[in-house]
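Colleague: Please take these sequences and the hints and turn them into a complete structure.
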Amino acid sequence: MDFQVVVLAGGNSKNLTPLVSKELPKPLLPVANCPVLNYVLHQLEQSNLKDLIVVVEGEDTALLVGAWISGTFIDRLHVEIAAVPEDIGTAGALRAISHHLTAKDILVVSGDLVSDVPPGALAATHRRHDAAVTTMLCSIPVSGPLESGSSGGKDKAKKLGRYNIIGLDPSKQFLLHIATGAEIEKDARISKRILHAVGQMEMRSDLMDAHMYAFKRSVLQEVLDIKDTFQSLKEDVLPYLVRSQLKSEALLNRTPQGEENSNEKVSSQNNQAFISRILANASTPSFHGLYSENPDGSSSTRKTHKCCVYIASSSSYCVRLNSIQAFMDINRDVTGDADHLLSPNNIIGPSPKLGTKTTVGPNCRLGEGSEMGDKCQVKRSIIGRHCRIGSHVKAVNSVVMNHVTIGDGCIIQGSVICSNVQLQERVVLKDCQVGAGFVVTAGSEYKAESLAKKEK
Amino acid sequence: MDPRRTARTVSGPKVRQVGFFTPAPPERSISDPPRFQDPIQPPSPSPTQVNDHSPSGNSLSPVMIPPAHHHSDNFLRTALQVTSPTKAFSYSAKTVTIPPENEDVASSFSPGRKVFSAKSPSSFPGVKASSVPASELTTVSVVNLPPGISEKAGGASVEVQNDRPVSAKTLKEKTSKAERRALQEAQRAAKAAAKAEGTKASSAASKVVTSANTKPSKAAKSSSQKNDGSQVAASEKKGGDRAPEKDRKKDAPHPRMQYDDKSRVEKAKKRAVVKQTEARNRVELFRHLPQYEHGTQLPDLETKFFELDPMHPAVYKVGLQYLSGDIRGGNARCIAMFQAFKEAIKDYSTPPEKTLIRDLAARISSYVSFLIECRPLSISMGNAIKFLKNRIAKLPLALSESEAKSTLMLDIDRFINEKIILSEKVIVKHAVTKIQDGDVLLTYGASSVVEMILLHAHELGKHFHVVVVDSRPKLEGQLLLRRLVRKGLSCTHTHVNAVSCIMQDVTRVFLGASSVLSNGTVYSRVGTACVAMVAHAFRVPVLVCCEAYKFHERVQLDSICFNELGNPDAISKVQGREEINYLDGLVNQENLQLLNLIYDATPSDYVSMIITDYGMIPPTSVPVIVREYRRDHLWS
Chain A
1 MDFQVVVLAG GNSKNLTPLV SKELPKPLLP VANCPVLNYV LHQLEQSNLK DLIVVVEGED
61 TALLVGAWIS GTFIDRLHVE IAAVPEDIGT AGALRAISHH LTAKDILVVS GDLVSDVPPG
121 ALAATHRRHD AAVTTMLCSI PVSGPLESGS SGGKDKAKKL GRYNIIGLDP SKQFLLHIAT
181 GAEIEKDARI SKRILHAVGQ MEMRSDLMDA HMYAFKRSVL QEVLDIKDTF QSLKEDVLPY
241 LVRSQLKSEA LLNRTPQGEE NSNEKVSSQN NQAFISRILA NASTPSFHGL YSENPDGSSS
301 TRKTHKCCVY IASSSSYCVR LNSIQAFMDI NRDVTGDADH LLSPNNIIGP SPKLGTKTTV
361 GPNCRLGEGS EMGDKCQVKR SIIGRHCRIG SHVKAVNSVV MNHVTIGDGC IIQGSVICSN
421 VQLQERVVLK DCQVGAGFVV TAGSEYKAES LAKKEK
Chain B
1 MDPRRTARTV SGPKVRQVGF FTPAPPERSI SDPPRFQDPI QPPSPSPTQV NDHSPSGNSL
61 SPVMIPPAHH HSDNFLRTAL QVTSPTKAFS YSAKTVTIPP ENEDVASSFS PGRKVFSAKS
121 PSSFPGVKAS SVPASELTTV SVVNLPPGIS EKAGGASVEV QNDRPVSAKT LKEKTSKAER
181 RALQEAQRAA KAAAKAEGTK ASSAASKVVT SANTKPSKAA KSSSQKNDGS QVAASEKKGG
241 DRAPEKDRKK DAPHPRMQYD DKSRVEKAKK RAVVKQTEAR NRVELFRHLP QYEHGTQLPD
301 LETKFFELDP MHPAVYKVGL QYLSGDIRGG NARCIAMFQA FKEAIKDYST PPEKTLIRDL
361 AARISSYVSF LIECRPLSIS MGNAIKFLKN RIAKLPLALS ESEAKSTLML DIDRFINEKI
421 ILSEKVIVKH AVTKIQDGDV LLTYGASSVV EMILLHAHEL GKHFHVVVVD SRPKLEGQLL
481 LRRLVRKGLS CTHTHVNAVS CIMQDVTRVF LGASSVLSNG TVYSRVGTAC VAMVAHAFRV
541 PVLVCCEAYK FHERVQLDSI CFNELGNPDA ISKVQGREEI NYLDGLVNQE NLQLLNLIYD
601 ATPSDYVSMI ITDYGMIPPT SVPVIVREYR RDHLWS
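Chains as they are written, first to last, in UniProt numbering: chain A, 1 to 456; chain B, 1 to 636.
Derived from the structure by calculation, the hints contain no laboratory data. C-beta: ideal position from N, C-alpha, C; glycine also. It is possible that part of the hints are untrue.
[Unchecked claim] Straight-line Cα separation of at most 27 Å, DSS-like style, residue types lysine-lysine; simulated pairs: (1) A:Lys22 - A:Lys453; (2) B:Lys346 - A:Lys104; (3) A:Lys430 - A:Lys379; (4) A:Lys172 - B:Lys346; (5) A:Lys379 - A:Lys447; (6) B:Lys487 - A:Lys247; (7) A:Lys104 - A:Lys14; (8) A:Lys172 - A:Lys14; (9) B:Lys462 - A:Lys172; (10) B:Lys434 - B:Lys462; (11) B:Lys394 - A:Lys303; (12) A:Lys104 - B:Lys304; (13) A:Lys447 - A:Lys22; (14) A:Lys247 - A:Lys303; (15) B:Lys487 - B:Lys429; (16) A:Lys357 - A:Lys379; (17) B:Lys354 - B:Lys394; (18) A:Lys14 - A:Lys430.
[Unchecked claim] Only part of the chain B face toward chain A is listed, based on derived beta-carbon distances under 8 Å: (19) Thr139; (20) Lys317; (21) Leu320; (22) Ala336; (23) Ile416; (24) Ile421; (25) Pro618; (26) Thr620.
Modeller: What follows is the structure, encoded as structure tokens:
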């Protein structure tokens, strides 16, 4: 279908420390015992997109990610890894691989997107409108742990964070305004020109930019070329394209038109104009068309480009893993409501060894080779591979990664425990994050803290 | 030409009903009018093409069910297997360079396959050196080309050989077993695919045989049609029932499936690409027409965007636009379709062991059936498709692939230019002579030809007034009105309910048409008949402007037997007025049926003149044009 897919996998996210580290970059962060990147790649594979470019920050990270992909997706996907320097942002990353982009349209997916929205829907919307950029919007996920009898996390009541402020046209097909990041708190600045052309704008704060975009390649490359300072797709490129949709610089429209003309050189220019007029008259013009029309009816030199949206239906699941809270939420949802996201091959290996009177509640996931002692309780938690858990351990709403040793009598609530952590006896953790390789001494109690090994 | 003669005599009695009327005797004969039969079909050069061009498999009508896909599932799978790896390799082949200084990196990267790393952005032409260093791509995972299938890419297989040693070295110790297994499995898959292909070919052959077998009976049928027009319906029906089981299994179903026949609908649904849920409460009289729940098709089709591999992107885009209503109007849809087909032909390459003529025809048929699933074809599109298929069938066998493709693309251009654009210009030239100063012209809906006539007359400096009559729910007239007013024409806008009031001031009525049938019936946007009737009552001349390529030899007396049903929600809701919701909650009730017809048929009595590219003719002369000119111009 002439689409090229770029997965922006990222590298070490600051938001996710101490969960991520040099050894465990963000793309490989396990969600329900399977790296988060797997969800994106699996979904792309399902959509028959087998030719991918994965962009990773940092050479070392690229090696790690590449090794994992080649181990998991060999013979299934054709993946190329590009390593980009750290901290150049998403736009910078695309700029770095810009010369590899050849297809007509580019699908840019964030590597931390856990979603069941088919990318095809976005691409089809993009094609249908012949848009410069199409972005996927999804409803804001419900954040915070489930409040079903658990004592943990009650202080964090369900609140809908504000992620984006989005302006849509009445037909909900075009993006008229988008505020992201720091801009949300500021006053919204809306172009009078756009407002005048559309007539009516709907402002929504209950939608979130899911960081899945379809770009027209020519447009994307032009913008990246001209605007050297643009760092982020989400905060720079997209708002820029939306802002300038009615006064797009001539070059945005130049390339595609040139292509069309070269395709149909056989017919004379006059006929070409005829055909395009018939086609244009056949459809209800969008406000772009109306705007570019001169008062006398002839189409003028005013260039426009379309910024479209695809709004995922509210029943679909779509969350980005970009904070620790989101990590907890996704872990909860993937084992619970949205368990269809898990590809069947990574559900559970051979069942772990459980001691007597140990109960494992619903919505739990135990990795292979883990051992648990007597009288343990596990509720709504995920336990990785080869963990050794002593007796009388209680784990609720928690994520325990691989090779963790938990001593007797520990109580873990709403916490994330990374790989190779050692919890000695009678440790009590509540809403904590324990970085990889950390050793928690016996009997200590922590609440809402982030524990990590000192970097040497 | 006999069938048409008889058909006309059947229509001789003045059956003037336009809208609803009880099925009278004549209706039966129309429900199975003479289809595109031998006069226009070329003599088939080989028995295999009989299958492709036999009337039942190929006649395209505005209302017909999606014929089956010519690609079986197996074929899809093999195509997928084959094309994706080749693409992958050709891509990596383009950018592979192995600079020596990166050798250590390559060796250290053991589990993956460090195939290349291109460091110099300058090697890619047209890339501006930016502040960010261009990064290289590393292939970490590849899809192995299944050995045994040596499809269309020598380059790809070479690339595999280049690639293999590198990967084999690194992977041998670790996963040699797994790799061997993968290899074995790939071979097995390839074998299965080859087998499937073989069976497919054999089944195709058997199909040919069956079609050859059934052919005599069909010929007999058509001859009986010639002899006795009134018997046609009955005999055809019987023939359909008697059809052997094999014949029914043929993947091409009856082109004008009656949608009240449940078993056939089920079968057709299985083959459909677009998921179609049928609407429940259909009006009794229109049950034979396809009617789907609107609103479910588009999202469903969108999600399948990447999964429909054999569909060309351009065709897919056009289909989406039909479905969402972004393109409408006979000419525009036809042009859009042909432009998509042109793209598809440009990118087409004949698979090995197949001939271009047959494979391309099948490919086009699959595109057409996809488009039909999106929206039933218009008559103009049906004619255009017939033209294209004819051109494909008549390609000389000696032509090379590129020559054949360029010939076809030129043919498509020629069709668009001559049959649509040039004829519109001619029609404008003719029609402008009928506009005088001081005229009040009335038009209905938005016809591209009528618009051009009005604009041209305005450019010539004639002073006239235009009345644009419009109707819900599409309100196409407003778009026309917008463009006319911008050009400075003086206009009046009214809705069709007020047409009788405004008609007394009108001096001429210009109407567009979706098709003109050979008994002079004008098949056009619903409401046209009403306008024409009122104009007739007020003795205002009605001029119908229609390109000759939209003419059709069918005879139709009412707008019931063939029509298109639109979205019933469109009439129950008022766009932009949420507060008008009197029918909310009633829509799914048993005793409420909503009917949103798209077309209607205007009897020839109300039409004073038809302006076409062959001049201005009375409606009675349509069969002459259909007979005399179509054969010369369209089919040769």
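Colleague: Now tell me, hint by hint, if it's right for this structure.
Modeller: Hints, verified against the model:
no., hint, result
1, A:Lys22 - A:Lys453, "holds, 13 Å"
2, B:Lys346 - A:Lys104, "holds, 16 Å"
3, A:Lys430 - A:Lys379, "holds, 14 Å"
4, A:Lys172 - B:Lys346, "violated, 35 Å"
5, A:Lys379 - A:Lys447, "holds, 19 Å"
6, B:Lys487 - A:Lys247, "holds, 24 Å"
7, A:Lys104 - A:Lys14, "violated, 34 Å"
8, A:Lys172 - A:Lys14, "violated, 35 Å"
9, B:Lys462 - A:Lys172, "violated, 43 Å"
10, B:Lys434 - B:Lys462, "holds, 11 Å"
11, B:Lys394 - A:Lys303, "violated, 44 Å"
12, A:Lys104 - B:Lys304, "holds, 19 Å"
13, A:Lys447 - A:Lys22, "holds, 26 Å"
14, A:Lys247 - A:Lys303, "holds, 6 Å"
15, B:Lys487 - B:Lys429, "holds, 19 Å"
16, A:Lys357 - A:Lys379, "holds, 14 Å"
17, B:Lys354 - B:Lys394, "holds, 17 Å"
18, A:Lys14 - A:Lys430, "holds, 22 Å"
19, Thr139, "holds, 5 Å"
20, Lys317, "holds, 5 Å"
21, Leu320, "holds, 4 Å"
22, Ala336, "holds, 6 Å"
23, Ile416, "holds, 7 Å"
24, Ile421, "holds, 5 Å"
25, Pro618, "violated, 28 Å"
26, Thr620, "violated, 30 Å"
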